[in-house]
Structures are given as C-alpha cells and as structure tokens.
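Undergrad: As they're listed, the protein sequences go chains A and B. Take the first sequence: its position 547, counted from the start at 1, is 547 in the UniProt record's numbering, and no numbers get skipped. Take the second sequence: its position 293, counted from the start at 1, is 293 in the UniProt record's numbering, and no numbers get skipped.
In case anyone wonders, no lab produced these hints; they're calculated from the structure. Mixed in with the good hints there might be a few duds.
One copy or two, either will do: identical chains are not told apart, so a pair holds if it fits within one copy or between any two.
Each computed DSBU-like pair below joins lysine-lysine, with the alpha-carbon atoms no more than 35 Å apart [said to hold, decoys possible]: (1) K220 / K233; (2) K142 / K383; (3) K605 / K223; (4) K245 / K47; (5) K220 / K605; (6) K223 / K233; (7) K223 / K245; (8) K56 / K220; (9) K264 / K287; (10) K605 / K264; (11) K292 / K245.
Protein chains: 2
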Amino acid sequence: MPGNSRAAGTHHSRPSSSEKPPDLEVTSIAEVLCLTAFFGRLVHFAKVTPQKVFWKDTKNICVMVTIVLTLIDLVIYGSLEAVNIRGVRWSRALRPVFLINFPESRQIRRTFRSIRNTLPDILYVFLLFLFSMMIFSLMALKLFGDRDLRTVEGSPYFTNILDIAFELYVLVTTANSPDVMMPAYELNWWYSLYFITYIIINTYIFMSVFLAVIYNNYRKHLKNEIHTLAYLKHHKMTEAFNILKVKVGTEFVVKEAQWRRLVKVVAPDVSSSHLELLLRISDEGQKGHVDKVNFLRLADLLNIRVVAINIKKHPLETWMPRVYQSSASLLVQKMVQHRIFVWVYDVIILINAIFIALDEKDSLISYAEWLFLSLYIIEILLKLYTYEPSAYFGRKQFWNWFDTLIIIAALLATVANTTIQARKYNSQQVLDIVLILRILRLLRVIVSIQRFRVIVTTLINIGPTMLTFGGLVLVVYYAFAIIGMEVFHGKIHFLDPGSGSPDALVCGNPALKDSAFAQGRYCKNNFNDLASSLILLTELTVVNQWHILADGFALVTHQAAKLYFIGFHVVVVILIVNIFIAFILEAFFVAYSLEKSEVETAIEKKIQELGVGVQEEEVQDGGLIDNMDAKDSGFSADEGDNKKKDLKGLYFRIASKKYKTVDTLLQQMFESEIAPEGKDPSLKEILSFSPKKVNFDNSA
Amino acid sequence: MPGNSRAAGTHHSRPSSSEKPPDLEVTSIAEVLCLTAFFGRLVHFAKVTPQKVFWKDTKNICVMVTIVLTLIDLVIYGSLEAVNIRGVRWSRALRPVFLINFPESRQIRRTFRSIRNTLPDILYVFLLFLFSMMIFSLMALKLFGDRDLRTVEGSPYFTNILDIAFELYVLVTTANSPDVMMPAYELNWWYSLYFITYIIINTYIFMSVFLAVIYNNYRKHLKNEIHTLAYLKHHKMTEAFNILKVKVGTEFVVKEAQWRRLVKVVAPDVSSSHLELLLRISDEGQKGHVDKVNFLRLADLLNIRVVAINIKKHPLETWMPRVYQSSASLLVQKMVQHRIFVWVYDVIILINAIFIALDEKDSLISYAEWLFLSLYIIEILLKLYTYEPSAYFGRKQFWNWFDTLIIIAALLATVANTTIQARKYNSQQVLDIVLILRILRLLRVIVSIQRFRVIVTTLINIGPTMLTFGGLVLVVYYAFAIIGMEVFHGKIHFLDPGSGSPDALVCGNPALKDSAFAQGRYCKNNFNDLASSLILLTELTVVNQWHILADGFALVTHQAAKLYFIGFHVVVVILIVNIFIAFILEAFFVAYSLEKSEVETAIEKKIQELGVGVQEEEVQDGGLIDNMDAKDSGFSADEGDNKKKDLKGLYFRIASKKYKTVDTLLQQMFESEIAPEGKDPSLKEILSFSPKKVNFDNSA
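Construct the complete structure from the given sequences, taking the supplied hints into account.
TA: Next up, the structure:
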C-alpha cells in the first residue's frame, strides 16, 4: 500500500523506502478528525455571518464541497480496501482547498481570483497560438515529412503530425533548440528560416503577449480591488463622522474630547505622545475640534507608523563617564565611525573570500579562519562600544541584525565542528553548514555599497508578498504532485549505479533502454515520494530538458502521459510564472515611482514644525553615525516654544517606506485615481462593484 | 584570403565555398567610394545646420570617427597585404554605425539612446548578480569540490572555481538544468535545495529585476522624449499664432483667409472638402476667424487622417441594372452576405486542412486540391459580385487583400508546379512554395473569428515598430558576426556525413572528438560565412544549448572564447530581448487602454453634426455589408440644411485607429500628462530639457 505513506499528509516527509506505512485506520481517523475540525469552523462561521453573505461566499461553498467529496472518497476507498481492491485516493488532490481558505491566505485567494479573471482573455490568445502551431505543424509535415531525414538519435524526423506538434510545442519552450532544426538545416540552410520564423512568432511574440495579457489583467484587477477598499473606507469614515458630528459655527465638526476617545477605542496601543502628535496634525488651528476633511484622514493617519525615537546615552557613558569620554576612547569611537574603518573590513572580507577559495586541508588556512572570525567579532564589539546598543539592535536595523547573527552562527558552527572533529567524528552535515555560514559572511560586503543595499532592500521589501507566490505555487505543485504520484508511482527507480546492477542504467525499467532519460542519468527524477515529486516539478518549471523527462515517463506508461507535462507547463510556466513576473515588475515600478503620499507629507511637516523630527535619510543611509549627530544638535534647535515642550524627550520620524508592505504601496499608487472627496458613492454601489471582495476582507 | 569574400559586404551572401573571393583592389575601391559618399553627406549636413548644433550631435561625431577609423584600417590592411602579412579588418565591425545614422533609423537611435540611459541602473544590478554568483560558486566549490563526483560524461564535477562560475552562469540561462544538479542530487536529496535556491534567486528574481529596470527606464525615457516633442509643438504653434494674429474685439484671432492660406502651404495635398471640414471644426461659430485654442490644435487636426468615402454603385448595377436587381441576383447577394456563407467556407477550410494532412501521393487527393482552389476562387468572385469592387479592395481592407493574394499566389504556384511536373522536371523549391502557400490559405479562418482578428490586428499594428527591433538586432548581430568570423573562421567545418570521412564526425577538427558539440551534430553551426554566423547567433539568442556551442568553439580555440558567448548573452538576451519584451508589453497596454483622443472626438462630433459621417465600427467590423446599408440610409438622414450641401456626395470617417503607428499611440497616451495650455515653457527650457532629441528630429 504505497498510497498510505503519503496519506500521512506531512508536506516534507523525507523519502525513505524503509519507512513503514502507517495503518489505514490511523490515517483515516486523522483525516476524519481534520475534516470535523474544518466542518466545525465552517459551522461557526455560518453562525457569525448573515445567511445571505455566507452562501454567496465561494470560499465557504468550496470548503463544503471538498469536505463532502473527501468523505465520499474515504468511504469508497475504505470499502474497496476491505475487499482487498486497491482504490485511488483521488480526493487528496483537493486538499490544498483547505489551505487556500484559511483567512491568512487572502493573498493567495486574490491571486487565484486574478487568474480566474484572466482566463477568458488568455483563452483566445492560447487558441490562436494553438492554431498557429497547427499551421506550422502542417508545414513541417509537408516540407520535411517525405525527405527521409533522421534525427541525431537515428529516429525518423518530422513524419508524424502528433510528434511534430509535440516537438513544436517543446520548441516554444526552447527546450529542444537547436537540435530540432539541425537535420533540416543540414539539408538546406534556408529551411532554418522556417524555424526562425516559428521561434519569432511563437516563442517571442506569443509568449510576450501572454505576459502582456496577464500583466494587464493583474493590474486592472488589483486596481479594482483597491478602489473598492478605498471607497469603502471613505464611506465608513463618513458614517462615523455623521454620528459624532456637532455643529460649531457654520460647519459640522468633531470635538476634541470625542476624537480622543475614538482614537483610544480604535487604537488602544497608541502612545499618548503619538496621540498628541495626531491631534496637532488633525486640528491644525488648535481650535479644540477636528473638521470633516481631517476626520476622514484619521484612518490613513493611524496607518502611518510613526516611530518614537528615544535618544539614550550609551550605557558606558552613564556607568563610567570619564573613561568613555577620555581622549583614547573618543579616538576609538571616531575611528569606528570613519569611512576607512568600513573599507578596511571590506578588504578583510575580500581576503577572507580568497582564503575560502583556497584548499582547506592546509592547517595554516584553518588557523586563518579563526583569525577572521575574531576580527569580525572585534568589529561588532567596537561598534557596540561606539553606538548605543539598544539603538544598534533597533527593530528596523536589519543590516546590523544580519551582520551579528551571521557571525554568531558562524562562530557556533565552527566551535561545534572543531569539537566534533576533536572527537574524531566527522559529520558531513555540520561541516556543510559551517561552510555555508562561512561563505554567507561575505554578504556583509553588500552593506557597505549603497546601491547594492538599495536593491537588496527593495527585494526584501517585496519578500513577504513573494511568499504569497510560494503559497500559490505550493498549492498547484501539491495538486500536480498527487496526480503524478498516482499515475507514475514506482515506474522509475533510482538504483545506486555503484551496485553494478544492469537495471541501474535503465532506472529499473527496461522500457527506458537507450532513451535520453536513462542516458542523462535522470533516474532520481521520479514520482516515488512527495519530496522527489516536488523537486521534479521544480525542474519542469525551469523548463529545460522537460521534454526528455516527459518522454521518459511516456515510455514507461503511455504517450498520453505527455499531456500531464504539457498541462503542467501551461498552468505553471505560462500562467503562474508570468503572474510572478508581473508582480515583480509592478512591485519594482511602485518602489521606483513612489513619492511620499499627501497624508505622510502632512505628518512629516508637522513633526518638523514641532521640532521633534529626525530626518529619515539620516537614519536610513548613515547608519547610526548621523543619528548620534542628531542627538547632539537636536536639543540646541532654534525653537523653544510651548508646543515643543509638550513632546520633549521624544523624537519622531515616519517609519521608513522600505518597511511598507506592497499592499500599502499599491494603495498609495492608485490613491490619486480615486474619485475626489466630494463624490460619495452609496454603500450599495460599492458592494455591487465587487461584492465578493468585501466579504473576504471583512471576514478575514 | 578568406577575409575577402566577406569584405564584399552583402548582408545575405549565400554560403558557398566555391565562390571566388573578389580582388582586394575591387573591394577597397568600393569601400573608398562608399566612404566618400558618407563623407560628402556629412559635409552637406554641416553646411545646412548651424555649427553649434552640428558639433553637438553625437550622430555626426560617430560617423566622422568611423570614417577616419575605416580609412586607417584600410591603409594598414593594404600595406600589410602588400608585404604578404594577413591583417585583421577590424573596422568592419563598425560598419553598422553608418546604418544607424541614416535619418530613417531614428527609431533605432532612440532605442540605442534608451539602452545607453539604462546602463548605469543595469550595471549595479548586474554587479550584484555577479556577486551572488560568486557566493554561490564558492559554496559549490566547498560543498561539492571534495566529493569526487563525476558528471554524466565522466568529467570531474565542480572542482575548479572558473568552471563552476561558468556552469552557474549557464544555469541562470537554464540551459544546463537539471543535468548540472543530478550528480549532487544523487548523492543526497537535500543538495537539490542549493540549486533550487540558486535558480529562484538568480534566474527568477534577478532576471525579472533586469526586465523591470529596463522596462522602467524604457518608459521613463519614452515619456521624456514625447513630452519634449509635445512642448516643442505647442511652442512653435504659439509662435506661428503670434505672427498671424490680428485683434478682433477683445481677443487675438487668425482670419479665415490667412488660415486657409496657411493650411494650403503646410499641407498642399489636403482636398478642398477636407479643408472645409477642418475649418468648420476650427471655426465653430462660423465667425470667419479662428481663435488661439483652435489654432494651436491645427497640427493635431492635420495629423488625423480623415478618409473621404465615395459610395459608388456596383459597376454591374450601372451596366445592367435589371439583371443585377433581378430576384435571382438579389438572392445570391443575400446568400453571400449571410453568416452561413462564412460558416460554410470555414467548414471547407477545415476539410481542406484534413486533406492537406493526408498523404499527397494519392491522385484523388491531388484532384481535391483543384476542387478546393476553385471553391476559393468562386468565393472571391461571389464577393466581388455582391460588393462594390473598389470598396472591397479599398486601401484599408487588409483582410480582403490578404484573402485574395493568398489564393492567387496558391493558384499561380499550383499551375506552375503542374506545368513543371508535366515536363517531368521536379523542382523542390517550387514544390515547397506551393506547399507553404497551400497551408497559409488556412489562415483565412482567423478572419471569421472576431476575437482572433482583434489580436492579429493588434500584432500587425505594432509590426512596423517591431521592425525597429529587426534593425537593432541586425546591427548587433552584424557586429558580433564580424567578430565571430574573425576569431572562429574555418575552425569548424560541416562535412557531409554521407561521405564517410572520419573527420565528418568531429566537424573536421580532432579537438572536438567526444565533445557534446560533435555528438549533437552541430557542425553546421559555424562562423564560416555571414549566413551561418547569423543563424548561429539566432540559436544563441534562443539560449538553449548555447553552452554546448560555446564549449565547442572553446575546444577548437581557447577557453577564453567562452567570454564571446557570455558577452553575446549579456548584450542580446539580457538587454535587447528584455527591451523587446518591454516594447511589446507597452504596445499592448497602449492598445488596451486607448480611448479616442480629445481632438479626434471633436472632429468626429463635427463630422456627425454635418451629417456626413460613416460609423467607424460599421466599416471595421461588419466588412462591407453594413457599409452598403449606410449607403441606403445615408441620404435619407433628417437634416437637409446648408452645411450638408457644401460637402454633399462625400462621406467622412476618421481612419480607424488600428492603422495608427505606435508613436502616435504613445503620444496620445502621454498627452494627458502634458502641462495645461496656460503654461508655456520657453524654447530654451525645452531645448535644455533634452537637447539631443530636438536635433535628431528636426534634421531627420
């Protein structure tokens, strides 16, 4: 019963043929328990949401149908098993549905919706693409079919229309270029024009059109969703204003006391100094009330993370001020803050890189490793001596954390390795980790080159949303892996070539004799367990040589198996990879074109006006050096008025835009296109605009 | 002297080893003549442009430097040749400079400028990418270097840092996936994570970032150029207005007579009815003068192609009205106009496709070919009977022309083929053409599916600008081909494997013994003549197997030869292909998001007001059927006023947007972002904004 070991449902089960498959009862009970949990969640959900909303939500319907189908499958499989017939657990491919429907998977659902909306547009382009492929297939058949040409492997070349269609589909993915052209090219050079035309039309133009259509839809859809959200926010805020408003003079306003109470309720963790700052911004004239325009901005104001910076003295300075302020100590601090200090360490890293590349067997080099490690530790200690530790390890000081963690990890791993080696026990795993950590240390070079830091920061910035794609890919991979495991399980085996078994050369299946699959030693690419399947699917996503893998599995089963691989290519490479590219493009454009939003600029202006600001750039680019300068000059600023005293001892700055989520960035990007304040669409209008969206986001 | 046969300079010289190389004198004289011509052109240019502008123009400097360098090269080569030393004609790689600097190559220059502006941004991403590759190379060396692993070919696996770096660069292009992973994967499955991480970071993320950076710059640059153009237009029109204006009442205007004269001068080929129409639009109140706002619009008005449609009766109707209007004849016309007529022919095309796929040797099928051909001819004749011929073959009736030309070509080719075969002379070339034409006929299916037609029209629309890329690619290919021919000429030969020569298996070079290059039968991929070089470079652009080609040429020369191939990949695949994709994306977005421009809508409104309009959609979508309806109803419209009589007998419509160039589309797209009319930047401001642009476009 090879199926059971997979039914355990761990996503990263280690492949191990010696693993004992768990009993059918155990897995069934686990599954029934899970289903009950999901069902319970659904029932609870139905209780807290209005009937109408609940039944309109695709998410709930999906879960319900999946639960029922899984139960049916379980019953059928159980009864078949009872009479000793091996059934197929087809419902396993549906499992990702539960994953998608968690509230936390909002982004994945959004991407799925985006795909669903793109399908009609994609479909026609795809049909036209297939039509073009058909025309070219017919041409190839007529041009080359009767020539009695042979491929490099000696098989007939372009004689069967189905084979031609498959070869041409592979050519679109470029995986068999230029081999597929060579026999015709050898016959006459001008036949190469046929292939070049084909590649220009189908690979370059059609594939770009796919990207364009997907990207265009992605953007359109995103814009719609964000519009809806913004409209909804505006509407709710107006409703709130209408409840709280009182008439002062000619206009309706909200009183200061009311406003304070409201903020305390909706954002209980806002500090009182932050609240004061918000009030100053909302009530510009200090009239004791907030007008409508400023009230509607409240949600945006609360969304902007304002960081209160406490500028503290270095603990050593408080502890032993004389020593810390001595000329020798000040010299050290100046040295560490100097540019040359950074450069010296860059050179050290470079030398380190050369040592790593050299052979490690030499004991001198092994000692050098300790030298480098201590140099790095000295660097960190010096920095901690110079900069205030709690600021150095501030929440947003990504690079400092990165630096320190890498070095501590390398230290620990090196120590562990030495200990193990001293006991004459050589663990490959530990050594591998030590080696990787030692090399990762070189990444510190990025920190000292500003342009590199900007690019990496942008990439890290879009990281969380990129994980959405991780989730999406996992869902699709899982479904394909389950199907692949059902169809191709056990057809191909990896046997150690060292064993000398003749079967090892044909992956345990004589059908693969002389195939490119066996010749390429691809036996390890099989569907025998989940890990192998996922790695194989990754290889298929990279595209290259996918036709050889497809051919291999077709040989051990049936030619129709190629459809599985073509289907995977269409879904993953044409759809999902293009969405991924569209996402990266959009994220980069947003990051490039982003200016501060109107609301943010207002806050920043106020912070500066109140004299409690720290320039964002200083903190961001100059590390802590400039921050320390700000400490010195901040209090000697020209103003000494009342306003400032209220907020004294605290410095504010807007949390750097590099830590915003892509969602915020996008919302900001489309902000300008949202209807002006005057226009006030009714709630009904908004809901009918995109009814599902509202559901998802309210419930999630 | 193999160099000489290439010095002849024909771009498409057929490869032929028996071709006799022309004398050195002949080619030299030809070259000197060409240089003189280019120099003369430059002198003429210098005379007609102001000194300052001339010397600021990079274009002129480039041409001058190239002429001087070519002359120096020619002299050196000649003198070396005189003393029998074989020189290198290095200046040949510079030849495309002349091509770029023709006024007609404005688009190519624009793309080059765009690339130049992108370089600084790309550079840092590229350096970071190389840094990441270095880190991964070091890791690979440490992880796999000491394991004594072997590749499928039996060579050592990941032992040398330079080899590793090359393999990893190839992996970025995906060309050696998954082969490069297999030995490590066989050792332990978790090593595959190293490769998957590498591919995610370097292939997916970095390559997308390259696309994003290039696309972003492309857009920014384009926007700048179009802004400058629009500002310049506005400025010049204001200047013209200031010269022509007279004061009427409180405002300055241009008198009708003046205006007429101006239009006659700047656009002499505008018909008088068209002029009348423009005047009606510009002088809305028919006050006898044109105000400033309308005057400034004149350039836009003249840019819009207004088509005057003469609706004529069918010649048969004039010639023999009774027969043409008889009930039988009307039935035929109704039949042809019916939807089912289209469907019947779609089915015929489908059956035709099946017949084509079947074996042709059968004489029955060969007769069927004649049947299909006559069916298609009957279709065209019937359509010509129903629709007015000069309208059917109107300038804009792309699909009708396509239809008819394909069928006439197929007819001619089939007749030619039959004649030749009857004389027992079987020409492969003619047969190939017949086969291709026969299959191209199937493209007619596209015409009857509306969604397909839209996609194809969009593609045809961006076709002309796509040719720009053809030019760009040709320039880069030519330079690389010349270098490749100098370095690799004669190293690899294609020998007919049928000859039985043992050298045929190693491409005439023993260094290739047992190489993947020879095993893949890639001998025909060489740099022995220009055609082969260009085909080889195309294969390198497609990327797949490029490392095998690079390896092959490295084996017959030196490992450093791989740098040539890496350089080609960076320039063509990373830069140019990404610009191509950026262009297609942009063109598609423009086509998707395009609404009619303000000015166009005004004209259309006027045309409708005057009662002389034909709905664009009618002509466009319904073919001629609706056009005929318009003929019937057009004159019975409600209005019969004076205005209409002036323009009687003529119908106008705005030339469909599908025939606009991408330049117009882009200009229109950015139109909204141009400063409002009130703001009037000085000419100096505009010129300093982008000084080069103005030069290029004025002189071109």
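Undergrad: Each hint should be assessed against the structure and marked as holding or not.
TA: Hint check:
1. For a Cα distance limit of 35 Å, the shortest separation of K220 from K233 qualifies both inside one copy, at 20 Å, and across copies, at 33 Å.
2. Taking the closest pair of Cα atoms, K142 and K383 come within 35 Å of each other only across two copies (31 Å); inside a single copy the shortest separation is 75 Å, beyond that limit.
3. Proximity of K605 and K223 under a CA criterion of 35 Å is satisfied in both settings, with 29 Å inside one chain copy and 31 Å between copies.
4. Within a single copy, K245 and K47 get their C-alpha atoms as close as 34 Å, which meets the 35 Å cut-off; across copies the closest is 76 Å, which misses it.
5. With identical chains, the CA atoms of K220 and K605 are at most 35 Å apart both within one copy (34 Å) and between copies (29 Å).
6. Proximity of K223 and K233 under a CA criterion of 35 Å is satisfied in both settings, with 15 Å inside one chain copy and 34 Å between copies.
7. Taking identical chains as interchangeable, the C-alpha atoms of K223 and K245 lie at most 35 Å apart only when both belong to the same chain, with a minimum of 32 Å there against 46 Å between chains.
8. For a Cα distance limit of 35 Å, the shortest separation of K56 from K220 inside one copy, 23 Å, qualifies, whereas the shortest one across copies, 44 Å, does not.
9. In this homomeric assembly, K264 and K287 come within 35 Å of each other (Cα to Cα) only inside a single copy, at 20 Å, whereas the closest approach across copies is 66 Å.
10. In the homo-oligomer, the alpha carbons of K605 and K264 lie at most 35 Å apart inside one protomer (24 Å), although the nearest pairing across protomers, at 57 Å, exceeds that limit.
11. In this assembly of identical chains, the alpha carbons of K292 and K245 lie at most 35 Å apart only when taken from the same copy (9 Å versus 49 Å across copies).
In summary, the structure agrees with every hint in the numbered list given earlier.
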